[in-house]
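Colleague: Take a look at the letters that make up each chain.
There are 2 protein chains.
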Amino acid sequence: MQKFSSSTASLSPEYGIEIGRWTQYSGTDYLPFGAMWCVIPPNSSSQPDQHPEIELAVVVEGDADFDVAGRREHAPAGSAILLGSEEGHVVHNRSADDRLVLLSMYWLPEGARDAG
Amino acid sequence: MQKFSSSTASLSPEYGIEIGRWTQYSGTDYLPFGAMWCVIPPNSSSQPDQHPEIELAVVVEGDADFDVAGRREHAPAGSAILLGSEEGHVVHNRSADDRLVLLSMYWLPEGARDAG
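First to last, the sequence lines map onto chains A and V.
Read in order, the letters of the first sequence are residues 17 to 132 in this note's numbering.
Read in order, the letters of the second sequence are residues 17 to 132 in this note's numbering.
Hints listed in this document are in silico derivations from the structure and should not be mistaken for laboratory results.
Among the hints, erroneous ones may be present.
No copy is singled out in the list; a pair is fine if it fits within one copy or between any two copies.
To be verified - Result set (SDA-like, lysine to any residue): computed pairs, CA atoms no more than 20 Å apart in a straight line:
{"#": "1", "residue 1": "Lys19", "residue 2": "Asp81"}
{"#": "2", "residue 1": "Lys19", "residue 2": "Ser42"}
{"#": "3", "residue 1": "Lys19", "residue 2": "Gly32"}
Using the sequences and the accompanying hints, generate a full structural model.
Modeller: In structure tokens form, the structure reads like this:
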């Protein structure tokens, strides 16, 4: 058993938010996806992002708004957003007081198909 | 963009708790892991579970205690527990008032290796 915590993770600024890549944890190389904590301070947004990897963003704290292709989706804690390959996205934290924390997992579509 | 929510998912009793398998969502076949919401009511525990799949349990609401091989790990919302293949585990929700919600993801070690 290993425990990973967004509140004790080492974070660094990337994409206009704070990122805690799971490569900081030993023993996670064999996960079938990359993973990172994303911490978005109150009244902040991520920079626009777009990448070939499919992404599953799980909201573990706070309240997110995702903008994708002109569509806005509200995602409170306990929900998850699945983004397709090359789907451009921006994440907003519109709370004035509370931080927003996501666990983002991502993988290349080819890898997913190989894993069958 | 697709959104999945633990609060609107269809749940059914399994392992002594409520389970919402992601097979209920269309378009999730290509994920490189299986996934399910696990909802554990106040003052309840899961039945002991053990399986060949590696499991990553992300706490998205409430407060969990994991028991593995005589060791107890406290996992509040915003933390994640990685369980090895065949590592027996029990999850407790010791709150008298609040439900506990996990997103559990699982995959066979072989699949993970194939996915490289």
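Colleague: Taking the hints in turn, state whether each one holds.
Modeller: So, going through the hints one by one against the coordinates:
1. Taking the shortest alpha-carbon separations for lysine 19 and aspartate 81, only the inter-copy value of 11 Å comes in at or below 20 Å, while the best intra-copy value is 28 Å.
2. For a Cα distance limit of 20 Å, the shortest separation of lysine 19 from serine 42 inside one copy, 11 Å, qualifies, whereas the shortest one across copies, 31 Å, does not.
3. Neither within a single protomer nor between protomers do lysine 19 and glycine 32 lie at most 20 Å apart by alpha-carbon distance, with minima of 27 Å and 24 Å respectively.
Checked against the numbered hints listed earlier, the structure breaks hint 3 alone; every other hint is satisfied.
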